[in-house]
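A.B. asks: Here is what each chain is made of, one letter per residue.
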Amino acid sequence: MFTFSEASEKQIVKIFAKYPFKKSAMLPLLSLAQRQEGFIPPEAMVDIASRMDVSPAYVQSVCTFYTMYHTKPVGKYVIQFCINISCYLNDSDSLLDYMAGKLNIKVGETTADKKFTLLREECLAACSSAPVMRINDTYYENLTSEKVDQILSSLE
Amino acid sequence: MTQILLKNIDMEGLTSLEVYEKQGGYKTLAKAFAKKPDEVLEMVKASGLRGRGGAGFPTGLKWSFLAKDVFPRYLVCNADESEPGTCKDRLLLQKNPHLLIEGMILCAYACRIETGYNYFRGEFYDLAEITDRAIEECRAKGYLGKNILGSGFNFDIHTHLGAGAYICGEESALLTSLEGYRGEPRLKPPFPAVKGLYDKPTIVNNVETLCVVPYIVAEGPEKHAAIGTEKSKGTKLVSVSGHVAKPGNYEIILGTPVRVIIDEYAGGMRNGNKLKAFIPGGSSVPILTADKVDVGYDYESLAAAGSMLGSGALIVIDDTVNMVKVALRLTSFYQHESCGKCTPCREGTRWMWQLLNQINNGDGKQDQVKLLEDICDNMSFKCFCPLGDAAVSPVLSSIQNFPEDYQELIGAAKAAVA
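Residue numbers (this note's numbering), protein chains in the order written: chain Y, 1 to 156; chain B, 1001 to 1418.
Keep in mind that the hints are not guaranteed to be accurate.
[What the hints assert, rightly or not] Cut-off 30 Å, straight-line C-alpha distance, at most; resulting in silico cross-link-like pairs (DSSO-like, lysine-lysine):
| id | chain 1 | residue 1 | chain 2 | residue 2 |
| --- | --- | --- | --- | --- |
| 1 | Y | 147 | B | 1274 |
| 2 | B | 1274 | Y | 18 |
| 3 | Y | 22 | B | 1200 |
| 4 | B | 1341 | Y | 72 |
| 5 | B | 1274 | B | 1414 |
| 6 | B | 1027 | B | 1141 |
| 7 | Y | 18 | B | 1325 |
| 8 | Y | 18 | B | 1068 |
| 9 | B | 1274 | Y | 22 |
| 10 | B | 1146 | Y | 10 |
| 11 | Y | 147 | B | 1246 |
| 12 | Y | 22 | B | 1146 |
| 13 | Y | 23 | B | 1200 |
| 14 | Y | 102 | B | 1325 |
| 15 | B | 1027 | Y | 147 |
| 16 | Y | 18 | B | 1341 |
| 17 | Y | 18 | B | 1141 |
| 18 | B | 1195 | Y | 23 |
| 19 | Y | 23 | B | 1068 |
| 20 | Y | 22 | B | 1188 |
| 21 | B | 1188 | Y | 18 |
Treat the hints as calculated values from the structure; they're not laboratory data.
Sequences and hints are given; from them, build the entire structure.
C.D. replies: What follows is the structure, encoded as structure tokens:
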């Protein structure tokens, strides 16, 4: 069963106050649910729908449009690894292979200990420091295999 | 070196109001409030500033298109920086959030707007936090809120995060997303200046565009108009990426030759390799060959050379790369990001990706190049929004400018069969 936490409820009041129409809170509320649960369970979509007088199906249609929303559980650390043009020109493909090998998963999968989810990502807007990845809210730039080793071992 | 945007960028503590004010920050507010809103708008018009997001439309003219006497009206800052190769707005937002807020206040005053939203791409969570802190500082100081500096003018800004969708960088899709829908584009006209956010008159400007406005108000429009070329005024942040020695964000005077940007700003080609191609304005503009490297980096010269200035992302490619691979990588991006609303884009991007994939895998046939050109023809100017045209750019320009790269892969396929 999903419920927004007390802290989230306080956030929700602030979010609604930003907009003249409730529906604008759709993305902020989906993001909030994901921050709380790690992903967006169907019950959260039902809850959000009831707060803005739309159907749960509508909330789902919005949720699945945006790539950053997870509708299934993901690892503690979500790795968004950029493979777009500037990173590609800086050999991101082989670095992504290296990373997948090191984590012993395929791109798109989560490690057995639920620690890491590895995702192939389109441009992250840090092109002049390619190759680049983002783990949860942090950017990591100018990546090399040594740097990847360091970063992964630094995450508890 | 003229620096409008990157002046002080590496100064410690610049994100705080205190340090920003010490550099003269927010002094333009009193200056602007002493004038009528229309006079501030006229200054922006006279400065020759053009939109830095991609289309290069004259900023002051865009502001003057707001539907007359319809209120409320909105200002939306486009911080959805997602055009492959572009990373300039991230730098400004990360290091100088108050510059943008000052620009937004001036725009709002000129356009008589009371509410602004800053739409960040979802990945810019950390930058939205920085901006939120800066907004709080401004509210406490009275630069945002009711009756700013006793002028009677009210204005406030709210941050809003997207959640991963390239299409939301297109202004009408951004507004749709901000309203709580799937980020699908709307038909234009009506343009946002007439019917934008919540169907009200709305100005949508890129981060960099708004960051230039304080300079125009502080120094006067003539000073801005004196920089650059006849029609491309001012400076431009160029995100240089790819095979150069020193990739980075550089502020150049519009009209600077691409060769100078690559060799002098970005340290030249890496590993002693030769320049083969460059994409001057982000992945959505046609790829140019190395022999065009003396073209001036401004709106008109790049258009005359067969491409566009776009978002100001200069992607540099050396001679180790087969351009089919570049086209494939970018087409894979566009087919992933097509919102699915209109058929030519949704189907076309996928078909192009399938064909390029075959060619790249060595399964290509001669008539597939012709087929790719046909698909490009069926997409060009026939899609609902500019994403379709953008998707055509790398494919068509790589076929036209680098036919030997296609032949190399198709020839290899033939040889394998024989």
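A.B. asks: So, for every hint listed, does it hold in this structure?
C.D. replies: We went through each hint and held it up to the structure:
1. Y:147 <-> B:1274: holds (29 Å)
2. B:1274 <-> Y:18: violated (52 Å)
3. Y:22 <-> B:1200: holds (16 Å)
4. B:1341 <-> Y:72: Roughly 26 Å between the alpha carbons, so the hint for residue 1341 of chain B and residue 72 of chain Y holds.
5. B:1274 <-> B:1414: holds (29 Å)
6. B:1027 <-> B:1141: Holds, because 13 Å separates the two Cα atoms, which is no more than 30 Å.
7. Y:18 <-> B:1325: Distance of about 45 Å is beyond 30 Å: violated.
8. Y:18 <-> B:1068: holds (25 Å)
9. B:1274 <-> Y:22: violated (55 Å)
10. B:1146 <-> Y:10: Cα-Cα ~24 Å, so holds.
11. Y:147 <-> B:1246: holds (19 Å)
12. Y:22 <-> B:1146: holds (23 Å)
13. Y:23 <-> B:1200: holds (16 Å)
14. Y:102 <-> B:1325: holds (26 Å)
15. B:1027 <-> Y:147: violated (44 Å)
16. Y:18 <-> B:1341: holds (29 Å)
17. Y:18 <-> B:1141: Holds, at roughly 20 Å.
18. B:1195 <-> Y:23: holds (18 Å)
19. Y:23 <-> B:1068: Within the cut-off at roughly 27 Å; holds.
20. Y:22 <-> B:1188: holds (25 Å)
21. B:1188 <-> Y:18: holds (27 Å)
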